[in-house]
Amino acid sequence: MQIVWLQSPQTKIYYNASTFRHLLDSLARPGKLNQLEYPEIPGGWLDEAPTHPTRENATLNPYALGAFLSLIDGEVSFAIASGGTWLQQESAAVRWLSLRSGASLKSPSAVAFAFFCEGRSGGLLKELSQGTLLEPESSATAFYCVEQLSDTPKTGRDWLELELSGPGILHSRRLYVAGMERSEIVAINASRGNYPLGIDLYLIDTLGQCVGLPRTTKILNR
Amino acid sequence: MGYVATKGGTEAVLKAEQLVEYFRLRGESEPIRIEQIQDQFRLAVDRAMGEGSLYAPALAALALKQSEGDAVEASFLLRAYRSTLPRLSYSLPTSGARMRAIRRISSTFKDIPGGQLLGPTRDYQPRLLNTLLNHESSQTVRRYLADFEAQVRQNSPSDGQVGYFPKVIESMRAQGIMAEAEKGAEEEEPFDVTRKAISFPAPRSVRLQILTRGDNGSLLAFAYSSIRGYGDVHPTLGEMRVGYLPVEVNHPLTGEVVEIGEILATECEMVSRVKSTNEAEEESSPKFGLGYGFSFGHGEDKAVSMAILDRVLSASKAGKLHGQSGPAANEEFVLLHVDAIEASGFTAHYKLPHYVTFQADIRVLERAKDHATAKSAESAEKHRRFRQKLALPTEADEVERIMPDNGEDEG
Amino acid sequence: MKQPDSLKALITQLTAPSEEATSSDREQEEDTLYNFGFIDEDSKREVRRKLLKAVAIPGHLVPFASRDLPVAKGWGTGGLQITLALVKPDDTLKVIDQGDDDSVNAVNLRRFIQKTTNLQVTTDTLEATIVQTRHRVPEEPLGEDQILVLQVPMADPLRWVEPSIERSTEMHAEADYAPIWVYMYESVVRSGDVDISSQYPVMVEERYLMDTTPAPRYDVPALHMSKTLYLYGAGREKRIYAIPPYSRVAPLEFEDYPFKTEQKPGQACEKCGSTATYLTQHYIEAKSVDGTASHSATNGTEGYWAFFCSDTSYCNKRKKVI
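Chains as they are written, first to last, in our numbering: chain A, 1 to 222; chain B, 1 to 411; chain C, 1 to 322.
Keep in mind that the hints were calculated from the coordinates and are not lab data. Fair warning: there could be bad hints in the mix.
[Claimed, not checked] Quick list of in silico lysine-lysine cross-link-like pairs, DSS-like style, CA-CA up to 25 Å:
1) B:K375 / C:K260
2) C:K227 / A:K218
3) C:K320 / C:K271
4) C:K227 / A:K32
5) A:K218 / A:K32
6) B:K375 / C:K264
7) B:K110 / B:K389
[Stated by the list, open to error] Chain C is nowhere near these chain B residues, computed Cβ spacing over 10 Å in every case:
8) P57
9) Q66
10) T108
11) S138
12) T140
13) V152
14) G163
15) A181
16) Y230
17) G255
18) V356
19) D361
All C-beta atoms in this analysis are idealised placements derived from N, C-alpha and C, irrespective of residue type, glycine included.
With the hints as extra help, turn the sequences into a complete structure.
Okay, here's the thing in structure tokens:
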């Protein structure tokens, strides 16, 4: 997987560092909106970026792809799902990701990173590893592509209003999410009933705003 | 003086650097060339490469020059440099059987397939200081080399016959006296201790990597402790060979196997009885088990020590050690303490300023002192009250009774 | 062996990083032999992945590979690897040891980071975006946009009672912390105080027992519900752990033996007069008439012992105000 060498290393190094800082801050301060950089790298990553696997004429969220790529490499494996099914090795998105990272596609229960092309996993979240008591850090980290995130009140059918609490949050915090299914919140909460086990999550919207929801965050659907 | 309490830390650090350089050079002797170190301090170079975990003789020689011959410091320099190198490829598995050997011995049988080859060893030289070396000149070197080459030419064997030997262990396997290695575990992709976090219990590939990167002296001490008495593996040297091993990789584009060079290496296989706590098993098929040792360059002590430790740890892990097993049979204990870079780093870190924590220690010490004083006062008071209650004489009275002033009680 | 041109090209690209994104000034100063931040991108990525897990499981020890660095293991390589995995070119860095920016090891680490990143450095705690420290938490409260990186020697607080990592990992998994409580109880009975002076054990979010590094107890309260993210790195022990901001951190204590810091009431810094900072003892040479320090090799009675703030930058700030 030497393709990665053909890109401009220095720009990518800086992009990776800055993206990581946003991802770290997002996880340390759940619910805080962090604006990710657009992964526009000369000779770039976004060349031949795969289209959305299940939505016609739609692209995959480039911010989420960039952030996802900044964390994976040959030492880890990943899975990617769209429309409630895991994509297979032959799919363009899988080939694109593994070619650019060196990471391999594995069965969902074995992967360190999972990518949901929408704001729903369609019940797939529970197939990911929650870690073990000896190695709770071996659990998966999952990325959701959502429509929009906001920390100011939003009303309307499309918006979920979430109340967050836990480490990283002084008292509690409100988060508004568009493009995420209500049932997904139920699935997320079901995956974190057994602390220290659990899956750590990122929500990234179409404008590149990023929110972290580590396993420690309690999520109340208002 | 004032090494941290006062301002000037930066200046002190820079001055220390200058002093190091001064002390390296102040003898004003001819500067040693890297080439000379590489040729003439061959074994020091090999050791630095082994512990530095980087096969690069010229860099190891440079590291030895820079560190004024300090073995651990030289390997430290190599390790740090190694961290900056990208991993272009993983080499393919090779086998000792493919080694072009310059030395090859076994102590299990007098005659072995392919024969014994003593090779360059000091083992049977009396260790007498050779004062002739005081007068060695390039002329004597040239003459020696010419004589030696003439000798070689006289009875030179034909090409292609040199240096390749079958493995002694293989013939022991054919005889059915070797325990089979656990399959599966052996076939797994080896764990890379430089890229992944280790945990215990560890796979064998972790053990072998840590041991081969380990400090010669530490390996020697642990192996010695086990064979001297704190352990009950009684090994025999199945085979040790020193020679050149090919390094092969898959071509990154075509996938073909390509030889990219060769390395000098030492390989050792120790065998010892596999004992079983299960009597039936012991009686049905008594076997020998294998311990494997490997070191970059010519490093016999290390390869032998490593092979012994590998054998001890395998036996210990299988629960097949009898009697006292000793510290060398504790995998975590051995593997976490043999790395020269880690051990020297942490041992030396006590040279760093600790005055913040020492101040905290002093405070805890003061509290313990106050506590002790208070406690003894309290117990003296209790004692006094108790005696008062029983109407016993007070302590002062007691002293008076035992040691009267006049000392004439007896009379 | 013949090297195909394509492979050669790849190697050349790899070993000579392009400098498009850097300013011309930086190009000149950067040591092109090394990657930005010294360690290679794959190693940084591994540290980053582990940092994220550490933040998600506050106080839990996360194993990481830990590369060899040009700094001795045990001398701050864990903190250093975290810092190198964090830094981006617009960061401002502060490095302290014992609270002092000018301590020899702080100087060495700062020099190394600067050489490989060309970052801006500062001694002012409030100016820094990242503070790397050994043995102290800075006196000035850190803010939400700062990160404190702590160098850790031992990592596992159970080492006091259980040297085997295999066993202590199980104890953490089961939250079986009885042995450390027994250890503390025994030392309270024996000496009226817990024997552990620095690196005092704390419970994080009521789940994981955590080592606070050999920072004095004085620094422990700063960890509780802090505004700042605390990242801990133990290079030799190959462990990373974290306390996210606004997390509950409670020192182990008994009802009748509450947690006590080292502070002595009334003691003040002889430079800035502060009574609310961590102080350390320093020997002051007596000055002779001509103003030079007089050395007394035979007895040290001519000088005296004074208490100063260990956080030198804060002490200097206070002095300026006074």
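Query raised in the report: Which of the stated hints cannot be reconciled with the structure, identified by number in ascending sequence?
Result: Structure breaks hints 7, 18 and 19.
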